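K.L.:
Okay, here's what each chain looks like letter by letter:
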Amino acid sequence: MKIAAGVSNRHIFLSEADTLTLFQTLDVPRRGRLGQDSYYTYEPTVDIVGEKYTLKNVRVIGPPRPTTQVELLYGDCIKLGIEPVVRHSADIKGSAGGVLKSEWGQVRLQEGFIVAARHIHANPFEASKRGLYDGQIVSVRSGGVRGLVFHNVLVRVEEKAVWALHIDLEEGNAAGLKNKELCDIIL
Amino acid sequence: MKIPVSLSNRHIHLKQEDVKKLFGKDELTFKSDLSQPGQYACEEQVEIVGPKGSIGKVRILGPTRPDSQVEILTGDTFKLGIDAPIRESGQIEDTPGCKLVGPNGEVELDKGVIVASRHIHMSDKEAEQLGVKDKDVVKVKVGGDRGLTFDNVLVRVSPKFALDMHIDSEEGNAAGVNRKGGEGEIVS
Numbered sequence: 000m001k002i003a004a005g006v007s008n009r010h011i012f013l014s015e016a017d018t019l020t021l022f023q024t025l026d027v028p029r030r031g032r033l034g035q036d037s038y039y040t041y042e043p044t045v046d047i048v049g050e051k052y053t054l055k056n057v058r059v060i061g062p063p064r065p066t067t068q069v070e071l072l073y074g075d076c077i078k079l080g081i082e083p084v085v086r087h088s089a090d091i092k093g094s095a096g097g098v099l100k101s102e103w104g105q106v107r108l109q110e111g112f113i114v115a116a117r118h119i120h121a122n123p124f125e126a127s128k129r130g131l132y133d134g135q136i137v138s139v140r141s142g143g144v145r146g147l148v149f150h151n152v153l154v155r156v157e158e159k160a161v162w163a164l165h166i167d168l169e170e171g172n173a174a175g176l177k178n179k180e181l182c183d184i185i186l
Numbered sequence: 000m001k002i003p004v005s006l007s008n009r010h011i012h013l014k015q016e017d018v019k020k021l022f023g024k025d026e027l028t029f030k031s032d033l034s035q036p037g038q039y040a041c042e043e044q045v046e047i048v049g050p051k052g053s054i055g056k057v058r059i060l061g062p063t064r065p066d067s068q069v070e071i072l073t074g075d076t077f078k079l080g081i082d083a084p085i086r087e088s089g090q091i092e093d094t095p096g097c098k099l100v101g102p103n104g105e106v107e108l109d110k111g112v113i114v115a116s117r118h119i120h121m122s123d124k125e126a127e128q129l130g131v132k133d134k135d136v137v138k139v140k141v142g143g144d145r146g147l148t149f150d151n152v153l154v155r156v157s158p159k160f161a162l163d164m165h166i167d168s169e170e171g172n173a174a175g176v177n178r179k180g181g182e183g184e185i186v187s
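Residue numbers (numbering that gives the first Met the number 0), protein chains in the order written: chain A, 0 to 186; chain B, 0 to 187.
Simulated from the structure, these hints should not be mistaken for lab results. None of these values were measured; they are calculated from a predicted model. Here a beta-carbon is modelled for each residue, glycine too, at the ideal position from N, C-alpha and C. Be aware that a few hints might be false.
[Unchecked claim] Every beta carbon over 10 Å from chain A, so not counted as near; a handful from chain B, in silico:
{"no.": "1", "residue": "57"}
{"no.": "2", "residue": "80"}
{"no.": "3", "residue": "85"}
{"no.": "4", "residue": "92"}
{"no.": "5", "residue": "147"}
{"no.": "6", "residue": "167"}
{"no.": "7", "residue": "174"}
{"no.": "8", "residue": "175"}
{"no.": "9", "residue": "178"}
[What the hints assert, rightly or not] Here's a subset of chain A near chain B, in silico, CB distances under 10 Å, partners left out:
{"no.": "10", "residue": "50"}
{"no.": "11", "residue": "54"}
{"no.": "12", "residue": "57"}
{"no.": "13", "residue": "60"}
{"no.": "14", "residue": "61"}
{"no.": "15", "residue": "62"}
{"no.": "16", "residue": "171"}
{"no.": "17", "residue": "173"}
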């Protein structure tokens with residue numbers, strides 16, 4: 000069963016309150032649409048300020064969410080000096096926090112710094128067509144010289160989802176896999 | 000039998016004359032031992048310069064080798080603008096070059112920039128215990144919440160080697176292997 004990879008670099012989702020603090024408006028200039036149709040990136044970026052290191056010009060994704068969430072690469076956590084915790088989106092209890100800084104302001108987060116866990120997006124139609132269900136754990140094989148099999152890939156079925164495997168940049172690089180390249184789901 | 004897994008960040012092996020050009024001296028300075036007997040990290044660092052960007056403070060590994068070789072991460076290939084192929088260490092024919100900038104001078108390499116391919120070092124005895132031989136290509140599974148199975152892992156057997164799988168830091172990060180190292184298992 001084929002699926003295209005969507006490879007993400009580090010990025011941030013902001014709450015409305017944090018959007019206002021960092022960008023002074025909820026009507027932030029937009030840059031481009033993402034693979035999942037209802038998401039887009041903002042023109043201005045944010046710096047993530049750690050005790051040991053600052054990650055500059057990190058992309059922010061809209062629209063605002065109920066809670067601010069910072070999706071880092073595993074290597075970023077090590078540079079920032081925080082424990083990398085691999086979590087699914089919105090599961091941020093007990094994760095590390097830190098400081099986000101823009102040209103206009105800064106916010107200090109108590110938690111919300113996670114490394115995103117691999118997952119597959121599917122809408123109910125795509126899922127049932129393929130015999131997949133929400134919450135299922137599958138493996139995904141990527142071929143080539145750097146071929147590998149990702150285990151523990153969670154299937155997330157949501158109404159508006161676009162059929163795609165989401166992995167981060169380090170996972171993509173480890174597999175020699177570029178955005179939109181095809182992989183195989185192994186049940 | 001579990002196999003220890005070690006991560007390599009980007010690093011450089013130098014030939015003798017390039018040590019002289021970059022650092023103005025003949026000897027590299029020992030910093031710490033690596034997992035393979037006789038291999039060590041040096042105090043010396045240089046900057047890698049490519050057509051699109053540069054990366055500073057890249058570690059030199061000793062001892063010197065017949066050819067200089069620059070092992071970078073896939074992410075670095077984009078930053079530097081150098082389309083380095085995935086290669087086994089030492090196989091640098093038809094690979095791109097780069098500029099290295101040291102405290103004493105510069106070196107323009109006409110080849111030698113690679114992304115290292117995954118491999119396992121082991122002694123003859125360990126190979127026998129694991130039921131593999133030199134140049135075999137195996138799969139290695141790493142557990143945990145970022146668990147994955149690496150395909151195309153090359154087995155390298157020598158009496159001089161100690162059992163250790165080498166992957167780069169992006170591969171290690173993808174598998175959730177921490178900096179102190181992890182472990183894997185050969186699977187069929």
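K.L.:
State for each hint whether it applies.
P.N.:
Taking the hints in turn, this is what the structure says about them:
no., hint, result
1, 57, "holds, 15 Å"
2, 80, "holds, 16 Å"
3, 85, "violated, 5 Å"
4, 92, "holds, 16 Å"
5, 147, "violated, 5 Å"
6, 167, "violated, 8 Å"
7, 174, "violated, 7 Å"
8, 175, "violated, 6 Å"
9, 178, "violated, 7 Å"
10, 50, "violated, 17 Å"
11, 54, "violated, 14 Å"
12, 57, "violated, 15 Å"
13, 60, "violated, 20 Å"
14, 61, "violated, 25 Å"
15, 62, "violated, 29 Å"
16, 171, "holds, 8 Å"
17, 173, "holds, 4 Å"
Going down the numbered hints, you'll see the structure goes against 3, 5, 6, 7, 8, 9, 10, 11, 12, 13, 14, 15, while the others check out.
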